[in-house]
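Starting from the given sequences, assemble the full structure and let the hints guide the process.
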Amino acid sequence: MSTTTEQARSVPKPVFTDAEAGALEFPSSTSRHYNYFTPAKRRATLYEDVTVDVQPDPERHLSQGWLYGFADGVGGYPHEWTTLKSSNWHEFLDPNEEWEQTIYRNNANVVRQVQQTVANAKAAGSFLTENRSWLSVLEKHVSAWAHVEHGIGMYVYTACQRDAPTNMINNALAVAAAHKLRFAQDLILYNLEVSEQVPDFDGSAHRAVWQSDPLWQPTRENVEQLTGTRDWAEAFFATAIVFEPLVGELFRSHFVMQVAARHGDYVTPTVIGVGEADAGRDRAGARRLFSLLANDPEYGAANRAVMTNWLAAWVPRSVAAGRGLQPIWSQLSEKVLTFDESMRRAKTTFTDLLSEFGLTYDKEL
Amino acid sequence: MSRASITKSHEKIQELAWEPTFVSPVEKFATDYTFEKAQKKDPLKQILRSYFPMEEEKDNRVFGAMDGAIRGNMFRQVQQRWMEWQKLFLSIIPFPEISAARAMPLVINAVPNPEVHNGLAIQMIDEVRHSTIQMNLKRLYMNHYIDPAGFDNTLKAFQNNYAGTIGRQFGEGFITGDAITAANVYLTIVAETAFTNVLFVAMPAEAAANGDYLLPTVFHSVQSDESRHISNGYSIILMALSDERNRQLLERDLRYAWWNNHAVVDAAIGTFIEYGTKDRRKDRDSYAEMWRRWIYDDYYRSYLVPLEKYGLVIPHDLVEEAWNRIWNKGYVHEVAQFFATGWAANYWRIDPMDDADFEWFEHKYPGWYNKYGKWWEAYSAMSKRNGHKPIMFEGEAANYEYPHRCWTCMVPCLIREDTVVDEVDGQVRTYCSETCHWTDAVAFRPEYEGRPTPSMGRLTGKREWESLYHGWDYADVIRDLGYLRDDGKTLIPQPHLNLDPKEMWTIDSVEGITMQSPNVLLNAMSPAEREAHIAKYKRGGPAGRPAPAEAAA
Chain X
1 MSTTTEQARS VPKPVFTDAE AGALEFPSST SRHYNYFTPA KRRATLYEDV
51 TVDVQPDPER HLSQGWLYGF ADGVGGYPHE WTTLKSSNWH EFLDPNEEWE
101 QTIYRNNANV VRQVQQTVAN AKAAGSFLTE NRSWLSVLEK HVSAWAHVEH
151 GIGMYVYTAC QRDAPTNMIN NALAVAAAHK LRFAQDLILY NLEVSEQVPD
201 FDGSAHRAVW QSDPLWQPTR ENVEQLTGTR DWAEAFFATA IVFEPLVGEL
251 FRSHFVMQVA ARHGDYVTPT VIGVGEADAG RDRAGARRLF SLLANDPEYG
301 AANRAVMTNW LAAWVPRSVA AGRGLQPIWS QLSEKVLTFD ESMRRAKTTF
351 TDLLSEFGLT YDKEL
Chain L
1 MSRASITKSH EKIQELAWEP TFVSPVEKFA TDYTFEKAQK KDPLKQILRS
51 YFPMEEEKDN RVFGAMDGAI RGNMFRQVQQ RWMEWQKLFL SIIPFPEISA
101 ARAMPLVINA VPNPEVHNGL AIQMIDEVRH STIQMNLKRL YMNHYIDPAG
151 FDNTLKAFQN NYAGTIGRQF GEGFITGDAI TAANVYLTIV AETAFTNVLF
201 VAMPAEAAAN GDYLLPTVFH SVQSDESRHI SNGYSIILMA LSDERNRQLL
251 ERDLRYAWWN NHAVVDAAIG TFIEYGTKDR RKDRDSYAEM WRRWIYDDYY
301 RSYLVPLEKY GLVIPHDLVE EAWNRIWNKG YVHEVAQFFA TGWAANYWRI
351 DPMDDADFEW FEHKYPGWYN KYGKWWEAYS AMSKRNGHKP IMFEGEAANY
401 EYPHRCWTCM VPCLIREDTV VDEVDGQVRT YCSETCHWTD AVAFRPEYEG
451 RPTPSMGRLT GKREWESLYH GWDYADVIRD LGYLRDDGKT LIPQPHLNLD
501 PKEMWTIDSV EGITMQSPNV LLNAMSPAER EAHIAKYKRG GPAGRPAPAE
551 AAA
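These protein sequences, in sequence, are chains X and L.
Residues 1 to 365 in this note's numbering are what the first sequence lists, from first letter to last.
Residues 1 to 553 in this note's numbering are what the second sequence lists, from first letter to last.
If you are wondering where the hints come from, they were derived from the structure by calculation, not from laboratory data.
On a predicted model such as this, the values are computed, not experimentally measured, just so you know.
Check each hint, because a few of them may be wrong.
Stated by the list, open to error - Chain X residues, not near chain L, derived (Cβ > 12 angstroms throughout):
| hint | residue |
| --- | --- |
| 1 | Arg60 |
| 2 | Glu298 |
| 3 | Lys363 |
What the hints assert, rightly or not - Label pairs and their calculated CB-CB ranges:
| hint | chain 1 | residue 1 | chain 2 | residue 2 | range |
| --- | --- | --- | --- | --- | --- |
| 4 | L | Glu531 | X | Pro39 | 49 to 59 angstroms |
| 5 | X | Arg32 | L | His470 | 30 to 40 angstroms |
| 6 | X | Asp72 | L | Asp298 | 30 to 40 angstroms |
| 7 | L | Val26 | X | Lys85 | 20 to 30 angstroms |
| 8 | L | Asn60 | X | Lys363 | 21 to 31 angstroms |
| 9 | L | Glu503 | X | Arg32 | 17 to 27 angstroms |
| 10 | X | Gln7 | L | Asp500 | 24 to 34 angstroms |
| 11 | X | Thr360 | L | Lys489 | 49 to 59 angstroms |
| 12 | X | Glu80 | L | Pro452 | 32 to 42 angstroms |
Glycine is no exception: its CB is placed at the ideal position from the N, C-alpha and C atoms.
The following block contains the structure:
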C-alpha cells in the first residue's frame, strides 16, 4: 500500500485592515470625485468620469509634451489634422454617453433582436412566401448596402478615431465604427440566411452589383471618396451630415423600411431598422460636435466657411449617389413612396441639420 | 454557434471587402515596411454577432463582482500598501489601452489585407472597453478605499508626474512613428504578447493576495481579450517576414521594443509586486521568478525563438541582459528605491519596509540586505516628521546620490556602471544602457545602417522631468503639480501609511529646498568636469551609494 505525503497548501492569510471609506477622518478623506475636470452639469456622469482626459493634451495637464513624434517631429493628436478650429475641443461630450457597458449592452441587444427575428422567420418559412420582385431587390440592392456600411465603418470611422484632439470625440467615432461594422455583418449574414432558405436566391449577386452595376457606382464612388479624405472632421462631416441623410437615410428609411413589409418581408425592416437607429445615435454625436464648432465663440465664422466649402464639394456627390439609386424604386410593383417623396424627406433631414449649424445650401439639391 | 457555422459566416463576411477603383483609402500613416508579397490570413475568424454577446457576458461577471466587493466590505481587508501603488498603476494604464485602440488604423492602413482588418477593428473596440472599464475600477477604489487622495486627481497627476511620464511612453509608443514599428512590433509583438502576462496576470494575483479581488476580476477579463490581439500581431509579423526587405527593420524594431518594454514595464510592475505586497510567504513567487516563467519561458522560448525558423533575428543578447538586470543588477530594487526616494513628488503613499519584508527579500534575493537594507531602515526612520527634510534631500544621511535620467526610457540610470553619456542633437544626454543610447542615437533616425527610413519616428518632448522645475523651490513644485490635500497644506504623498493628521507631512516640510535638474547641471559643466563627474557616478551604487571619495580620487 503506497502512501502519499500531502504538502501543506500555501495561501495568503486574510488580514482585517479596516481600509474602507469613512474609517478615519483626515485631509481629503471625503474627496471622492475626479477633480481635474469641470463636469457639464453639477455632478460628473459615469461617462465623463471614464472618458475625460484619458487622452492627454499639452493644453491641459500634459507638462512634458508628447514623447514620440512622427518623422516630422509632430506627435500626439495634432490640431492641424483638421482645418476646423476650436476654442475648446474638450467641450464636446458624446450625447449617447458611450462607454464599455453601453457599447456591449446595446450591440448585444441588437444581435439578439436580429437573430431572434431571423430565427422566427426561418421557423415560419416566411422567406419562401415573400414577393419575388422584392427578393430580387433584397438579393441585389439591400445586400449591396452592406458594402457601404463596411466601407464607412472600416475606412472612415475606424481611421478617424486615431485623429481627433480629444478622447470624447475619438471614442464616439470608435463606437460609430463598431455600429457600422456590425450592421454590415448583420446584412451580409442575413443575406447568407436567406440564400440558404430560398432557392434561386443568389447570395453573391451583391458583389457584382456593388462593383459594376451603374446604379451603384455613384454611391461606391462617394464612399471611396470618403475613405480617401485625410481631414478627419471633413470625413466625419461628409459622412454623418451629408452622406447619411442624402444617401443612407434615403435608401434605408425612405425606401427599404417603407416597402419591405408590403412585400411580405418583416425581417428586413428589423435588420435595417436597428442599423438606422444606430445611425441616428451616431448622428446625434455629429450634430453636437459640428454645432459646437459652427457656433464656436472664436472660430465659429471661419468654421462655417470651411463647412460651406465642404458642402460644395460633398453634396453634389451624395445627391448624385442618391439619384443614382432612383431606378430601384421602380423595380417593385407595390409603391409606398415615390422616389421624389423619399428624396424630399431625406433633404428635410439634411437641411434641418444644416440649420442647426447656421449653414444653408443654396444650390438645388 | 458551431465551428462549421463560424467558418461559413467568416467566409461570408469576407464578401464585404472590395477593390476600390475610384479612390483608395488615404495613406495617413507611413511605414518603411512593405507588404506587397503578404499572404492573407485571419486566424481567429471573428464575427461581431458572437463578439458582442460574449463581451456582454464577461461584463456582467465583472460588474457582479464589483457589487459583491462593495456588499462584502472588501475594503476592510485590502492592504493599504498595495492600494497606494494602484494610484500610480491605474492612472497610467487606461492611456495605453486607449492608445491601442487608436493604433489600429495605423496597421489597417499599412497592411493591404482586408481579412486581417476585421480582427484589428474588433481589437479597437476591445481597447475602448479596457480603457473605460479600468477607469471605472479606479472610480470604485476612489469611492470605497479609505484614502481617495491620489485617485481623485488621477489623470492630471498621470500627465504631470515623472513616473506617469515613464508609463506614458508605453502608450505613445503604440500610436506614433512608423506604423508597423509602433502598432505591430512595439504594441502587439512585444507589449501585448510578452508583457501583458506580468501586467494583467501576475500582478492581479498579487492583488488578490493583498485582499483586492477586483483587480483580478477586471484585468483577467481584459487579458481574455489579449489572446485575440496576440493572434492579430502574429499574423501580421508572418506577413512582414514574407518580404526580405523587412528583416532589417524587424530586427531593429524588436531590439527597441523589447528593451523599452523591459525597461518600463519591469520597472513599474516589478516594484508593485515586490514592494507593494504584504504577502511574504516564502513560497510565493518573486517577480524574478514570475518573469522567468511568463516572459522568459512562455514568451521568449515558446513564442519568439520559434520565429527564428522564419528568418527573424531574435535579440537573444537583450533578453539575457534584461534577465541579468533583474537578477544580478537589482533593477527592480533600484527602481523601487528611487520611487521611494522621490516620495514627495508622488501622488501615492509608500509604506516603509519592515523586518518581515527584509527577511523575504533576503530569502528571494540573497545579498539584498547588504545592498538595500540600510537604506530602507533610513527611509523608515526618516518617514516620521522630525524636523528633517524628505529623504531625497538628505543625501548624506541616506547615503544616496540622486540619479541621472535615461533620455530614452526615462527610468533613471540606476545601474550606475551601465550609464552611457553622449552628445545627441546638440545636448549632453544620459542613458541607462547601451541599448537606450542606440535607440535615440541610431534607431529613431531617418536613416538606419545606410538605408533610408523616412517613416521612422522621433523621440520628442521635455524628457527629463526635473528640468521643468530646475531652480524652483520644492514647495512651489508640489503646488504646481497640485499634490496637496483638501486642507491646502497636507501632502497627498506620504512616506508612510499613517493617516493621523498629526503624523502627515505638510507643505511647510518642503519649503526652502531648491530643486535641481541633473541634466541641466551636466550640460553646464566643462567637458573635464563632466568626465570626472560621470566617472565617479559610474563607480557609484548599488542602492544609489555615491562612489567612495578615495575611489573618486
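Verification of the hints:
1. Interface exclusion of arginine 60 (chain X) from chain L breaks down, the closest Cβ pair being 7 angstroms apart, not more than 12 angstroms.
2. Listed as a non-interface residue, glutamate 298 (chain X) keeps its Cβ farther than 12 angstroms from every Cβ of chain L; the least gap is roughly 25 angstroms.
3. No beta-carbon of chain L is positioned within 12 angstroms of the beta-carbon of lysine 363 (chain X); the least distance is around 23 angstroms.
4. Between glutamate 531 (chain L) and proline 39 (chain X) the CB atoms are about 55 angstroms apart, so this pair conforms to the stated range of 49 to 59 angstroms.
5. The given range of 30 to 40 angstroms is respected by arginine 32 (chain X) and histidine 470 (chain L), whose C-beta atoms sit roughly 36 angstroms from each other.
6. Here the CB-CB span from aspartate 72 (chain X) to aspartate 298 (chain L) is close to 39 angstroms, well matched to the stated 30 to 40 angstroms.
7. Taken as a hint, the range 20 to 30 angstroms holds for the pair valine 26 (chain L) and lysine 85 (chain X), whose Cβ atoms sit roughly 21 angstroms apart.
8. The supplied range of 21 to 31 angstroms is broken by asparagine 60 (chain L) and lysine 363 (chain X), whose beta-carbon atoms lie about 52 angstroms from each other.
9. Glutamate 503 (chain L) and arginine 32 (chain X) have their C-beta atoms about 23 angstroms apart, which keeps the hinted 17 to 27 angstroms range intact.
10. Taking the beta carbon of each, glutamine 7 (chain X) and aspartate 500 (chain L) are about 43 angstroms apart, not inside 24 to 34 angstroms as hinted.
11. At roughly 58 angstroms, the beta carbons of threonine 360 (chain X) and lysine 489 (chain L) sit within the given window of 49 to 59 angstroms.
12. Checked against the given bound of 32 to 42 angstroms, the beta carbons of glutamate 80 (chain X) and proline 452 (chain L), roughly 25 angstroms apart, lie outside it.
The structure does not agree with the numbered hints 1, 8, 10, 12 stated previously, though it agrees with the rest.
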